[in-house]
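Each chain, letter by letter, is given below.
There are 6 protein chains.
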Amino acid sequence: MMKRLLITGAGGNLGRQMRARLGDLAEIVRLADRGNMEPAGENEEVVTCDLGDAEAVSKMVEGCDAIVHFGGQPVEAPWSVVKNANIDGMYNLYEACRIHGCNRVVFASSNHAVGFFRQDEVIDNTIYPKPDGLYGVSKVFGEMIASMYFHKFGIETASVRIGSCFPEPSNHRALSTWLSFDDLERLIRRCLDVPKLGCPVIYGNSANTANFWDNSKVAWLGWKPQDNAEDYRAEVDAAREKPAADAPDVVYQGGGFTADGIHQE
Amino acid sequence: MMKRLLITGAGGNLGRQMRARLGDLAEIVRLADRGNMEPAGENEEVVTCDLGDAEAVSKMVEGCDAIVHFGGQPVEAPWSVVKNANIDGMYNLYEACRIHGCNRVVFASSNHAVGFFRQDEVIDNTIYPKPDGLYGVSKVFGEMIASMYFHKFGIETASVRIGSCFPEPSNHRALSTWLSFDDLERLIRRCLDVPKLGCPVIYGNSANTANFWDNSKVAWLGWKPQDNAEDYRAEVDAAREKPAADAPDVVYQGGGFTADGIHQE
Amino acid sequence: MMKRLLITGAGGNLGRQMRARLGDLAEIVRLADRGNMEPAGENEEVVTCDLGDAEAVSKMVEGCDAIVHFGGQPVEAPWSVVKNANIDGMYNLYEACRIHGCNRVVFASSNHAVGFFRQDEVIDNTIYPKPDGLYGVSKVFGEMIASMYFHKFGIETASVRIGSCFPEPSNHRALSTWLSFDDLERLIRRCLDVPKLGCPVIYGNSANTANFWDNSKVAWLGWKPQDNAEDYRAEVDAAREKPAADAPDVVYQGGGFTADGIHQE
Amino acid sequence: MMKRLLITGAGGNLGRQMRARLGDLAEIVRLADRGNMEPAGENEEVVTCDLGDAEAVSKMVEGCDAIVHFGGQPVEAPWSVVKNANIDGMYNLYEACRIHGCNRVVFASSNHAVGFFRQDEVIDNTIYPKPDGLYGVSKVFGEMIASMYFHKFGIETASVRIGSCFPEPSNHRALSTWLSFDDLERLIRRCLDVPKLGCPVIYGNSANTANFWDNSKVAWLGWKPQDNAEDYRAEVDAAREKPAADAPDVVYQGGGFTADGIHQE
Amino acid sequence: MMKRLLITGAGGNLGRQMRARLGDLAEIVRLADRGNMEPAGENEEVVTCDLGDAEAVSKMVEGCDAIVHFGGQPVEAPWSVVKNANIDGMYNLYEACRIHGCNRVVFASSNHAVGFFRQDEVIDNTIYPKPDGLYGVSKVFGEMIASMYFHKFGIETASVRIGSCFPEPSNHRALSTWLSFDDLERLIRRCLDVPKLGCPVIYGNSANTANFWDNSKVAWLGWKPQDNAEDYRAEVDAAREKPAADAPDVVYQGGGFTADGIHQE
Amino acid sequence: MMKRLLITGAGGNLGRQMRARLGDLAEIVRLADRGNMEPAGENEEVVTCDLGDAEAVSKMVEGCDAIVHFGGQPVEAPWSVVKNANIDGMYNLYEACRIHGCNRVVFASSNHAVGFFRQDEVIDNTIYPKPDGLYGVSKVFGEMIASMYFHKFGIETASVRIGSCFPEPSNHRALSTWLSFDDLERLIRRCLDVPKLGCPVIYGNSANTANFWDNSKVAWLGWKPQDNAEDYRAEVDAAREKPAADAPDVVYQGGGFTADGIHQE
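Chains as they are written, first to last, in full-length UniProt numbering: chain A, 1 to 265; chain B, 1 to 265; chain C, 1 to 265; chain D, 1 to 265; chain E, 1 to 265; chain F, 1 to 265.
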């Protein structure tokens, strides 16, 4: 059991879910976010931190054995926002890891790092990325920071290109990209448990029947998702009109993000 | 013949060389740098511009048909320096291209985007990058910006991962990575001439006998380098002690950069 | 729900099976064959059509939203027979689709398009075909017509290389190639339901333990077969002598077809 | 030296050229075409033959040791024309080979068998074809007939996907696809000389600097083209306006054929 | 049912297990070992044989229809020991097979034939081996003997690179490499039953969630392991300290063997 | 310049050639063979050594900085001969290297390590071997010993799969497999000069127009052969009858070796 686990973005969608599930992994779970979080429970610490603030990030990381990094800007946004949270934020986080000797990170990368691949292409984790916006570019940047700090300093990171992580798949694209909370939890536990993690890129979706992501090259990790978005197809069909054949949600892996312009300040 | 060609980094090593060679490509060649440049000659314009200054970049790009982008921080440096020139700088440049309708760029990326590959691995342009420092990470960031603006807005970029572009190969690693000025010139001409460029990644080295970069997937472009670093092997052997088998210059494609720490401000 | 679905070859083995199962997919199911069919039931239309007769094919296709194309010559035969049904027939069908705006087809291609691959080779849908007779050649021709009409006119086709589609696997080779009627039905439903089909080639066999066909590149489609020929191994072993090691049924994916000569008129 | 070599399409562009060059390969060269040919010279026989006429084809092939098959419809045409010459014609030719024991063929396939690949894709001879019209489909059909007669009966064929075989490259696309007459001659000689030919697919272009076809998998054959369309780039640039970036001649390997409709009778 | 099946190494771990399970495969099961074995039961023959003794091996093989070859030195040992049992032994065995017409062998190769691959690499059966000691080298030698006797004389062998075949996975590495006795039995039965075996290399582990071996290229064989080491993870975690990140058991597929020196006589 | 270079097999075909050429590489060249050699010249030492004699091999290696290992049985032979020279011999050689700290070897492996690949297959150095006899198996064994001593002890070896190394190509197969003495010399010099060699497999043939070996993955080494067997084709055609299509010399890369039986004592 590790001494202190840091969960960033602890006030967000995934952060709240995983906070409720991962408490047994460490003597103390440090929870960080820029904004509101539930007050600290037993064995918890709560820290407010802007990822763009190097000093604050350094303090946040100090004393932690591992990090589950959900923090950062989670969707497309103007450049200054993306840059502060996901560019400066990643640099600050890994500098803090390097300085304080924190050597393992689960990094919430995103399918938007490869959003311009088509949905009828099956890709694995060796492909050259095709980000679908500033947000997607910032996620590739994050993966590259992780790669560089691994090769240079041995800090291990699992870059998880999360698909659609919600209670249920809510549209037709999510029938392929859905990641259940249970499967995410199992993945994080595996990444934190494995003696040697290295720096793998992992697609974060459940065992969906419809699937354009190939995780066969990380089979060694020992994570097999258990849930399947297909169980919700009838519900989605009932709730949503079938998208047109040329809708971005049908053409590209990144869905609607690919059709977005550059967000202005 | 195009109306106006922009060469950034015109005061630097490659910028000065190409300024002297590419004058016939446009009615006017606009030369930009943050620092000193030779005064404008015939058919030339000279512009001073900090790439981190969005407004200045916008003015620099306005009216240009194509860009040869040598500008930016050319070696490892503290984060704020790399970020200003190569992160903000790339965002600013492509926003300016998008706004002013400049649709073709030759971008000086770098072998340091893949510097942690070993020298006994032959890699092509489909591999997932392994940058060897903040500078290398910033070059992958630049490639990703280019990729995204291509898929979203049709702006075409050749990302040239330049090896060692000097008058002659000056050390043993450069016997593999050397790019002659003549071969660089031919490459830029090809990239600006081809009716449809797309967004290829191209390794920038000459036809060196010793070679760990495979450009076979961009054979369609019609660039065949003509020079060969091997012609200088005896000179290099005479001038330089043979490096040790575990020297970074021998082990990794990125050479000494891989052994560098994080440069502090 | 589509207005009118055409099932060709409706009097044949697969046509009869799918007629009984797919009635809910359209307001009207038009059934076509050259020969005898059961009379039209509710919501059914019955059309007699020789695929080699362009005019008749045009009328057959007119008004249809999608086609399940089982029609054509289903086994090796003399050239004039294969040509009429599978060469002229495919040209006529796609011309009719183009003219009448029918944009989705499920085409019953065949494992005999790749029959000369060995059974100890696992092939996916990117391989260059190796047909095992005139019939197999005609099936590749059909796939090529489909490919061309897709790239030129946007007509989408799933070319399903059907293995052995019978109630049960009836010989040792079929333990690998068997496709259950239930799995075929599921596949057709998926191909007709997916918003964007494109022009994939799909191997048509069930989830057989023994398997030389790799559908991983069409995982995005969301079809997972459920049945397994292995459940019938004991039966097959009991009913049939084990074939010799050099029997075509054991050596080649196409089985006995590979040993056939050219059928003469 | 073989006894009798058959050159079909002897009255066409390539047939006339090769007739003038290959006379030393056999005691007698039989020349066949549907239309006009120069009268027979020394050691020559002249035969008129419609490829769609099985009996005539049988007579044409009888007594020949090898065939250089340039015959057939050489560009897009209505279905009945393509079918007669390239579909029936190929069946007739290989039946005649089988019956009369002619075991080696050099078949003029075409780049239009793969015309819908993009010009910025480098393809080798293992790819699944993407024909760009009825003509292209008929050429894949011909390759499949060749493949089947090889695997079933041991008749060996080199399917040469000829690019643009003219005295000089006459447009920008041909700077990639050009095949000089000299290189074609060398290729045919190699295919007829090699003791074991098998059934390879070979891209038929010269050693052009700009090139999207990869023949590395037939390096064993021992054919290295010597000419280079690049030598004509200045001429082409002078004679022809640079095509637009979205012109079919720039986008697709098959050039303008991809933009054609279906030719009607 | 075959007449006589030979199981070598019948006194060892796997030999004893399979002796108890495979009795129904032949009228007589001949059991061989250098050392002690249980006395012959019904339908059994017991033979003592040193594999390095050509004459004894010849007698052992005579009259057998198939061989399950567990015999030989099973772990690292001094050269003379490895050579006698696994080098001379394999030569003797296949010479005996050739002379006596025994045409099918299941050969217990070992994961130590590829022990220097890292555990975070997923390898299939086409890779060039990386043995981790004299024992591993001898196993590649055995595979090569099998390959050569197959191509030259048609003797078929399944080379099974057995992982960790014990009642339960007993350490963390075995959570990936474990092969249950049941899965081994099923594999042997399949290899002896299939009409045409050829000469495949098969990784011998169960359907473990954590897995670095890819058997997809032998899917045609029809062996699907059923057991999963993951079911024992909690037990292993409880019984064993988690290994360090740089422990050979964590870094390399061959585990501790990679850290061994050369055993001296 | 190294102190002492050992050339084994110095009395054989390649050994004599390279003895005459490599004298400048070391202060002393030690020449070893089992049989007759020319007396030691200036800067030479001559040693008689049976490779199967561990003690003799140890003495032979002691004091050497690098080894060019041509020694061993050079063609098919009875098992005891192959075993003594190429099995025991390789073990003895690498044990001596390990004990005496000799860390670089150029090992004359052979095309017979892959002799059962067909001549119409182009293979690179990653393929799983297919040896064509006991000799070929022994050469794979040698490569494996080299691989193991590299991964375990850091001893670097270039395993050169030599084709046909003679003054001129003397038959049709050699038009593909010929390696000129000049090209071999250049290769050995490169392998001994490069600061970090690792453990590559290299195909040893010249820049032959007809070629089934792909060295692209060792391009980093900086060896480009200069000679071309094609220059001798007319001579070979004149001197030798063209082999039949099913002659082993035409079918398999290993040529006639594949048709050999097992040599008996």
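One should not assume that every hint holds.
[Said to hold, decoys possible] Here are the simulated DSS-like pairs of lysine-lysine, each with C-alpha atoms no more than 30 Å apart in a straight line:
{"hint": "1", "chain 1": "E", "residue 1": "K59", "chain 2": "E", "residue 2": "K3"}
{"hint": "2", "chain 1": "F", "residue 1": "K242", "chain 2": "D", "residue 2": "K152"}
{"hint": "3", "chain 1": "A", "residue 1": "K224", "chain 2": "C", "residue 2": "K217"}
{"hint": "4", "chain 1": "E", "residue 1": "K224", "chain 2": "E", "residue 2": "K196"}
{"hint": "5", "chain 1": "F", "residue 1": "K224", "chain 2": "B", "residue 2": "K224"}
{"hint": "6", "chain 1": "D", "residue 1": "K224", "chain 2": "B", "residue 2": "K217"}
{"hint": "7", "chain 1": "E", "residue 1": "K196", "chain 2": "E", "residue 2": "K59"}
{"hint": "8", "chain 1": "F", "residue 1": "K224", "chain 2": "D", "residue 2": "K224"}
{"hint": "9", "chain 1": "B", "residue 1": "K217", "chain 2": "D", "residue 2": "K152"}
{"hint": "10", "chain 1": "C", "residue 1": "K242", "chain 2": "E", "residue 2": "K152"}
{"hint": "11", "chain 1": "C", "residue 1": "K3", "chain 2": "C", "residue 2": "K59"}
{"hint": "12", "chain 1": "F", "residue 1": "K242", "chain 2": "B", "residue 2": "K242"}
{"hint": "13", "chain 1": "A", "residue 1": "K152", "chain 2": "F", "residue 2": "K196"}
{"hint": "14", "chain 1": "A", "residue 1": "K224", "chain 2": "E", "residue 2": "K242"}
{"hint": "15", "chain 1": "A", "residue 1": "K152", "chain 2": "A", "residue 2": "K3"}
Don't read these hints as lab results, they were simulated from the structure.
Now for the hints, and whether the structure bears them out:
| no. | hint | result |
| --- | --- | --- |
| 1 | K59/E / K3/E | 16 Å, holds |
| 2 | K242/F / K152/D | 25 Å, holds |
| 3 | K224/A / K217/C | 20 Å, holds |
| 4 | K224/E / K196/E | 18 Å, holds |
| 5 | K224/F / K224/B | 17 Å, holds |
| 6 | K224/D / K217/B | 20 Å, holds |
| 7 | K196/E / K59/E | 26 Å, holds |
| 8 | K224/F / K224/D | 17 Å, holds |
| 9 | K217/B / K152/D | 36 Å, violated |
| 10 | K242/C / K152/E | 25 Å, holds |
| 11 | K3/C / K59/C | 16 Å, holds |
| 12 | K242/F / K242/B | 49 Å, violated |
| 13 | K152/A / K196/F | 21 Å, holds |
| 14 | K224/A / K242/E | 21 Å, holds |
| 15 | K152/A / K3/A | 25 Å, holds |
Hint check: violations occur at hints 9 and 12; the rest are consistent with the structure.
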